[in-house]
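Here is how the chains run, residue by residue.
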Amino acid sequence: MSSPRYVLDPTSERHVAQRERLARPAGLAGLRVGLLDISKPRGDVFLDRLEARLAEAGARVNRYRKPTFTKPAPVDLRHEIATQCDVVIEALAD
Amino acid sequence: MNSAATDTRRREQSPTDESSSHVLPDGLVAVVKAECETCQMVAPLLADLARRADLTVFTQDDPAFPPGVAAVHDGDLGVSWHHDIETVPTIMRVVDGREVERTVGWSRDEWRRLTGDPGLGAELPPSRPGCGSMSVDPDRVDELRVRFAGGRLRSRRVELAAREDDIEAMYARGWTDGLPVVPPTEERVLRMLEGTPRDPADVVATVPPDLVDVSVEKVAISAVMAGCLPEHLPWVLTAVEAVCNNEFNIHGVLATTMPVGPVIVASGPGTRAIGMNSGVNALGQGNRANLTIGRALQLVVRNVGGGRPGGVDRATHGNPGKISFCFAERSDSPFTTLAESRGATPGADAITVFAGEGPRCVVDQISRRPESLAQSLAACLRTLHSPKLVLGFDAILVLGPEHARVFADAGWDRERVLAELDARLRIPGTELVRGAGGIDEGLPATFADHTLPKFRPGGILLACAGGGAGLFSEIIGGWANGEIGSQPVTREVQP
Chain A
1 MSSPRYVLDP TSERHVAQRE RLARPAGLAG LRVGLLDISK PRGDVFLDRL
51 EARLAEAGAR VNRYRKPTFT KPAPVDLRHE IATQCDVVIE ALAD
Chain B
1 MNSAATDTRR REQSPTDESS SHVLPDGLVA VVKAECETCQ MVAPLLADLA
51 RRADLTVFTQ DDPAFPPGVA AVHDGDLGVS WHHDIETVPT IMRVVDGREV
101 ERTVGWSRDE WRRLTGDPGL GAELPPSRPG CGSMSVDPDR VDELRVRFAG
151 GRLRSRRVEL AAREDDIEAM YARGWTDGLP VVPPTEERVL RMLEGTPRDP
201 ADVVATVPPD LVDVSVEKVA ISAVMAGCLP EHLPWVLTAV EAVCNNEFNI
251 HGVLATTMPV GPVIVASGPG TRAIGMNSGV NALGQGNRAN LTIGRALQLV
301 VRNVGGGRPG GVDRATHGNP GKISFCFAER SDSPFTTLAE SRGATPGADA
351 ITVFAGEGPR CVVDQISRRP ESLAQSLAAC LRTLHSPKLV LGFDAILVLG
401 PEHARVFADA GWDRERVLAE LDARLRIPGT ELVRGAGGID EGLPATFADH
451 TLPKFRPGGI LLACAGGGAG LFSEIIGGWA NGEIGSQPVT REVQP
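In the order they appear, the protein sequences are chains A and B.
Note that my numbering has the first sequence beginning at 1, numbered continuously upward.
Note that my numbering has the second sequence beginning at 1, numbered continuously upward.
None of these hints come from the bench; they were simulated from the model.
Since this is a predicted model, take the numbers as computed values, not measurements.
Please note that the accuracy of each hint is not assured.
As the list claims (entries may be wrong) - With the Cβ distance kept under 8 Å, some of the chain B side facing chain A (calculated, not the full set): (1) T56; (2) R157; (3) E186; (4) M225; (5) N303; (6) R342; (7) I439; (8) L471.
Unchecked claim - Okay, the calculated beta carbon distance ranges per label pair: (9) B:N319 <-> A:R21: 40 to 46 Å; (10) B:D199 <-> A:P74: 49 to 55 Å; (11) B:P444 <-> A:E13: 54 to 60 Å; (12) B:G275 <-> A:R21: 45 to 51 Å; (13) A:D76 <-> B:A172: 16 to 22 Å; (14) B:D213 <-> A:G58: 51 to 57 Å; (15) A:R42 <-> B:D210: 51 to 57 Å; (16) A:R21 <-> B:E101: 36 to 42 Å; (17) B:A201 <-> A:G27: 47 to 53 Å; (18) B:E168 <-> A:D76: 21 to 27 Å; (19) B:A172 <-> A:D44: 51 to 57 Å.
Beta carbons: idealized from backbone N, C-alpha and C, even for Gly.
So here's chain B without its partners, still in its complex pose (with noise of 0.2 Å):
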């Protein structure tokens, strides 16, 4: 039900002979349904305005109705999906083909007013909401947004054989990362756009290995294979920008021979709202956001851009995270979000894109100081990819809750965390030149007189997510770094 309102708003119209064939007349246009008794209530005052004004009625159901008016039937609803109806009766005022002014269910006070009729309905209750439109009817909308906003559509229409499985089908054309993918129907994909107010045309991105422009509306496809709700694909299509990029570098994360793809970080308040888990089990299974978010991306990579294990993508073992690796940053952590410190504004839904391995856990459960808590994290640290290698590569390290509480009792920020790991993983050059520890890998051996960082400055990706129990956090080691490999990138999200 829906209160009297004057609203305005209308339906984006596609440029169609079908759309230019719902142009309201002009004057009182009134839509209304024999099924509702607020219809049934106006209906004599319906009968005595198309007799002294210009009304033309609209009704969905039953063409004689209103009796004693020669109403227009509806009967495809398309008037009512392309004036965006929600609520019967509807009564708007038209000018020049163009809507004016409009109000929805009796209001005695709205319709005087929108009919210029002072003594309208005297015998009615001052008020009385309206029912739902047909063209708002759950069972209906899909089926109707295919049929008058499907034209919007640019994707070549796959037909399915009459005896074939759906779910076998999407495996029988190469379109799944191995898990069963959604069938992305017209009906689906739609929905899917209503997540956001792009244009389907519009282009995302330009997506590697196949270097193929991107448009919202196959984003959307790989949302609704990926399992994603509507309410994702903003997320899904800012993941699809963040790593297409020459700083980012998707095309190096996917051909390379390393276990590594894209890890995604989401911070901000729409973390919650979209549901998403920085919880227990953060990292894990479990989360419809968390998981179809990230494995929407792959699907990008995989069947836009051409990007599949064994083609482009060389990785000699993977990881399970590159089906999909995506999880949210706690909202009480002690520290800023990692998006706030890589520059996004303060509040603000973001998300950084990282090329990652999948995590491994540090496990410290006796330090209750934050000095042999940090020397507790830098020893696993120091061993990232290999004890002997330093520089190279980046890691986004994941607090865990009750790891994080150390920290912040001892009134440690972000800043101080990363600084006393960075003093802890200074490592002399005599452990890590070649032959060092009876390890051939290493540096050269004119290091040996050096003291090197195992990091680069910035290279630890400080986040807190987990579950509140465990004194525990997680590493996530990254690829190649800098120009010659992919830095992390942090984009905010857009609706």
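So that you can see chain A by itself, here it is in the shape it has in the complex (with noise of 0.2 Å):
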């Protein structure tokens, strides 16, 4: 693990120089969820058990999928994502 590398910003520093991110909602119960399939083999069978699990929580899922898990999702998928979705569900795994 590198050590943290820092930069003196050099700003006005009127603007905050991270996004903070909203607060974790207490439960799902109503939320949008998105889950976004990257294209790799059987991925579809983990987030089909994902989705009926987070049903049962109360959460309303979105489906999406990107054409090939080797490049970043196109802006208007992201996008799309950003408008249509509460929670974002972020982890990785291969």
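Got two chains here, each in a separate frame; can you build the complex from them with the hints?
Shown next as structure tokens:
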């Protein structure tokens, strides 16, 4: 693990350096949750199961799929997720 | 290697607990390192002195050195740093916590005087230079500066993500002018601040459009990002001061739809000392000082002032010089420097800032008579921005050396050249009114009976720069002049 790297802020410092995350919701009931399939084999099996579990918790699940796991999600897809979801589950597996 | 010398300079100390822990004990204080052969040579003397006198020895590397002395290990080099030790051995005399004198290296006479021992070191040679202190080792000095002087810096520290590319991180945060910038690490900014004796917290100017007080430290950050060297910093500081005032009006220069930006004309012997280019391709690429000084100024306007293209910067086209436009005047100019003609002390380092567009070339390879060349230059100057508009815009005329020589050989000085140009730039109103020449742009019809000068008095700023070959000059057109727009500003460069 490399040590943190810093630079000095060249600006007037009138704006925050990093955008703060929204507060974590107390529960998922009624919230729209996004699941993004990155198009790796059998990812859908895993996500189907997750969707079922989230639905049991009261969440409304939106499913998305990006064209290939080798490239970042297209900007339009990212925008679609951002506008259609309240919560994104951020996780990575292989 | 440093010769023996008494030196009472002290590094500026910050009022932190860290530095107060580096107060020297009274009596004699020596700083040594085991690796230094001169230190090894004087080690027996130090052991002897330690028994007889009030001596404290700080050792930089080996805690057991010198043998027979209970030395204090200056492991973090804090004592050496705070007391500006450049050479080992250094021996100092301290009274009431204050150093009153020091000598560096081995000098029998100096050591005898300082210790008050007239027989000291009789068996040793009269003198021997010392070695470099570990606290000035080029491989360590940046790290030490951060550790011991970093507390002077007030800027917010922004953490970069572990996998974030440094250069891309600067782009991602919107801090660049479109070209890569040097990431402003604490080490680099502290090194940059060595270029000025000014306190990092000093306010340099209030920067439009956000009207932010900019500190020396923030200017140094922009200088790092632009690629400046520490010796460029005083020029950048002066440029920031010169544009951020009501006279130059950088707010208007930024906000205008016209394609102008701050043009810096640098004058004086310091331009050569910092390696500026006044010769071949002076207005072009390839010279670090020219490009980075101008760029640093624009980065201050962008990042501190918040002036960005598409934001307050509303230029219809802009011009490439808005990245950086800075050049030096030739030292062999047959005329006084532009700065001097505008009131700077003769021989002083100074800059003149001008709200200017990109340069355009005047080609005249035939004229050898000054009258002919003046006519040629005037004809080109007349078309500045529009052949139908007068008095509203200033210009810098950069004479190439071969053009300047035509005037100098005829005995024309600066005033004569400007007067001859002015005489050739008197234009009949009938040529300027709306509709004249089939062009609707122009002056109201009431001016038809007047003869008007193209430029206001002092509206042509004459400078001399460029390579030795080429019968060319350059015209840099200005923006709205006078009270309603921007006035050129000349400032002497302070350290």
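Comparing the hints with the structure gives:
Nearest Cβ of chain A to the Cβ of T56 of chain B: about 35 Å, over the 8 Å cut. The hint is violated. Checking R157 of chain B against chain A by beta carbon gives a least distance of about 4 Å; that is within 8 Å, so the hint holds. About 6 Å separates the beta-carbon of E186 of chain B from the nearest beta-carbon of chain A, less than 8 Å, and the hint is met. With a cut of 8 Å, the hint placing M225 of chain B at the interface with chain A holds, because the nearest CB-to-CB distance is about 6 Å.
With 8 Å as the threshold, the beta carbon of N303 of chain B comes within range of chain A, its nearest partner Cβ sitting at about 4 Å, so the hint holds. The interface hint given for R342 of chain B is broken, as the beta carbon of that residue sits about 31 Å from the closest beta carbon of chain A, more than 8 Å. Here the hint on I439 of chain B is broken, as its CB sits about 45 Å from the closest CB of chain A, past 8 Å. With a cut of 8 Å, the hint placing L471 of chain B at the interface with chain A is violated, because the nearest CB-to-CB distance is about 44 Å.
At about 42 Å, the CB distance of N319 of chain B to R21 of chain A agrees with the hint of 40 to 46 Å. Against the hinted window of 49 to 55 Å, the Cβ-Cβ separation of D199 of chain B and P74 of chain A comes to about 50 Å, which satisfies the hint. Distance hint for P444 of chain B and E13 of chain A: a CB-CB separation of about 50 Å, inconsistent with the stated range 54 to 60 Å. Taken as a hint, the range 45 to 51 Å holds for the pair G275 of chain B and R21 of chain A, whose Cβ atoms sit roughly 48 Å apart.
Against the hinted window of 16 to 22 Å, the Cβ-Cβ separation of D76 of chain A and A172 of chain B comes to about 20 Å, which satisfies the hint. At about 52 Å, the CB distance of D213 of chain B to G58 of chain A agrees with the hint of 51 to 57 Å. Between R42 of chain A and D210 of chain B the C-beta distance comes to about 53 Å, which sits within the given range of 51 to 57 Å. Between R21 of chain A and E101 of chain B the Cβ separation comes to about 60 Å, which falls outside the hinted range of 36 to 42 Å.
Distance hint check for A201 of chain B and G27 of chain A: the Cβ-Cβ separation is about 49 Å, which falls inside the suggested range of 47 to 53 Å. Under the hint 21 to 27 Å, the C-beta atoms of E168 of chain B and D76 of chain A, about 22 Å apart, fit the expected range. The given range of 51 to 57 Å is broken by A172 of chain B and D44 of chain A, whose C-beta atoms sit roughly 33 Å from each other.
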